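Colleague: All chains should be built: construct the whole structure from the sequences, respecting the hints.
These protein sequence lines are chains A and B, in that order. Counted from 1, the first sequence has number 77 at position 77 by the numbering used here; the numbering is strictly sequential. Each number in the numbering used here corresponds to the 1-based position in the second sequence with 1000 added.
Where hints are given, some of them may not hold.
For lysine to aspartate or glutamate, the following EDC-like pairs were computed, each having C-alpha atoms within a straight-line distance of at most 20 Å [claimed, not checked]: (1) B:K1049 <-> A:D43; (2) B:K1024 <-> A:D67; (3) B:K1049 <-> A:D39; (4) B:K1024 <-> B:E1168; (5) B:K1024 <-> B:E1034.
Short, incomplete list of chain A residues facing chain B, as computed with Cβ under 10 Å [what the hints assert, rightly or not]: (6) V18; (7) L30; (8) S34; (9) A38; (10) L49; (11) K53; (12) A54; (13) F61; (14) Y71; (15) P78; (16) F85.
Which bits of chain B does chain A cover? Going by a derived footprint, with three or more residues having C-beta under 8 Å, they are [said to hold, decoys possible]: (17) 1040–1053; (18) 1103–1114.
Read the hints as simulated data drawn from the structure, not as lab findings. Nothing here was measured: the structure is a model prediction, and the numbers come from that model. The C-beta atom is built at its ideal place from N, Cα and C for all residues, glycine as well.
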Amino acid sequence: MQTPPRTMSRRTLGYGAVFLLLAVITGIELALNSLNLADAVVDPLFLVLSLGKATLVAAFFMHLRQDNRFYTVIFVLPVLLLVVFALLTIVI
Amino acid sequence: MTYPATHHEDHFRAGHALGLDHLKVGMWLFLGSEVMFFGGLLAAFLHYKVNNPTPEAGLLDVGLVGVNTFVLLTSSFTVVSGLAGIQRGDPAAMNLYLLATIGLGVAFLGGQVYEFVSLFRHGITLSSSVFGSSFFTLTGFHGLHVLVGILWAASTFLRGMRGSYTRENHIGVELFGLYWHFVDIVWIVLFTIIYLI
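Modeller: Below is the structure:
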């Protein structure tokens, strides 16, 4: 299916904005890491920032935001399983 | 069990009626299996990190890996820009962005090799400790995925140079993009779990 040129240029601008946001978040992560703050303070922040970056890539660069929801289900289900397994390794 | 001759075709049409591309469904299923593959390795690394903390983790160069993370994020941008190029009927832009992706992928691998060599010099190897085993297995398999991605990008680039992709038919570029972005997402998670937390 062809995409109209105006939609395409808006989308390209959107990709640039997402990339800038990803770069800024990475910069924030590195800055936070250099501050040597308590783990209990920064670790949850790192996890949230990482989840945000991964979501941005999946939603915008992999087009899950606009594609059929079935693709999202295929991808998110194993991710949820992974989170459960990861938590189990810490708890057990 | 024998199906009528039209069974497969009916399902094929049913998939399109739902707005699904069969190649993309296959790719997403593959990526789902990859989530479980990296999940197993990540769970093992987390288990040792939490229950058996080691001073070796202090030798990791977060600054260098931060730059490498930026390189991989940039490569995701070049991939999606290449896809946008062919979607607006500009194969030259797509080829240029694919070439940039290959360069950025090679740069990422170069950074990883440099990190590995630095750790080897400190006596950390695949068999030196639990940290070494879990670290090199996890990051090594990710590096292998980047290498496969570079080869895939090169193949997509060569096909692009031959004019195989058009504004109407570019599913090959899209599938490569899905794989590359997934490898990027895995690195985003690994960067946090291994180097930041």
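Colleague: Next step is simple, just say for each hint if it's right about the structure.
Modeller: We went through each hint and held it up to the structure:
The suggested pairing of B:K1049 with A:D43 holds, with an alpha-carbon distance near 14 Å, which does not exceed 20 Å. A C-alpha spacing of about 10 Å is found between B:K1024 and A:D67, which places the hinted pair at or below 20 Å, so the restraint holds. In summary, the hint linking B:K1049 to A:D39 is supported, as the alpha carbons are separated by about 14 Å, within the 20 Å threshold. For the hint pairing B:K1024 with B:E1168, the CA-to-CA distance comes to about 16 Å; that is within 20 Å, so the pair holds.
In summary, the hint linking B:K1024 to B:E1034 is supported, as the alpha carbons are separated by about 15 Å, within the 20 Å threshold. Given the 10 Å rule on beta carbons, the hint for A:V18 holds: about 8 Å separates it from the nearest Cβ of chain B. Residue-level restraint check for A:L30 holds (minimum Cβ-Cβ distance to chain B is 5 Å; threshold 10 Å). Using the Cβ-Cβ criterion of 10 Å, the hint placing A:S34 at the interface with chain B is satisfied: the shortest such distance is roughly 8 Å.
With its C-beta approaching chain B no nearer than about 13 Å, A:A38 sits outside the 10 Å limit, and its interface hint is violated. The beta carbon of A:L49 is positioned within 10 Å of a beta carbon in chain B (closest approach about 8 Å), and the interface hint is therefore held. For A:K53, the interface hint holds, since its Cβ comes within 10 Å of a Cβ in chain B; the closest pair sits about 5 Å apart. Interface restraint check: A:A54 against chain B, minimum CB-CB distance 5 Å, threshold 10 Å, status holds.
The criterion of a C-beta within 10 Å of any C-beta in chain B is met by A:F61, whose closest approach is roughly 5 Å, and the hint holds. With a least beta-carbon distance of about 5 Å to chain B, the hint placing A:Y71 at the interface is held under the 10 Å criterion. A least Cβ separation of about 4 Å between A:P78 and chain B falls short of the 10 Å threshold, and the interface hint therefore holds. Interface restraint check for A:F85: the shortest CB-CB distance to chain B comes to about 5 Å, inside 10 Å, so the restraint holds.
Counting residues of the stretch 1040–1053 of chain B whose beta carbon lies closer than 8 Å to any beta carbon of chain A gives 7, which reaches the threshold of three, so the coverage claim holds. For the stretch 1103–1114 of chain B, the proposed coverage by chain A is not satisfied: 0 residues have a C-beta within less than 8 Å of a C-beta in that chain, short of the threshold of three.
The structure fails to meet hints 9, 18 from the earlier list, while all remaining hints are met.
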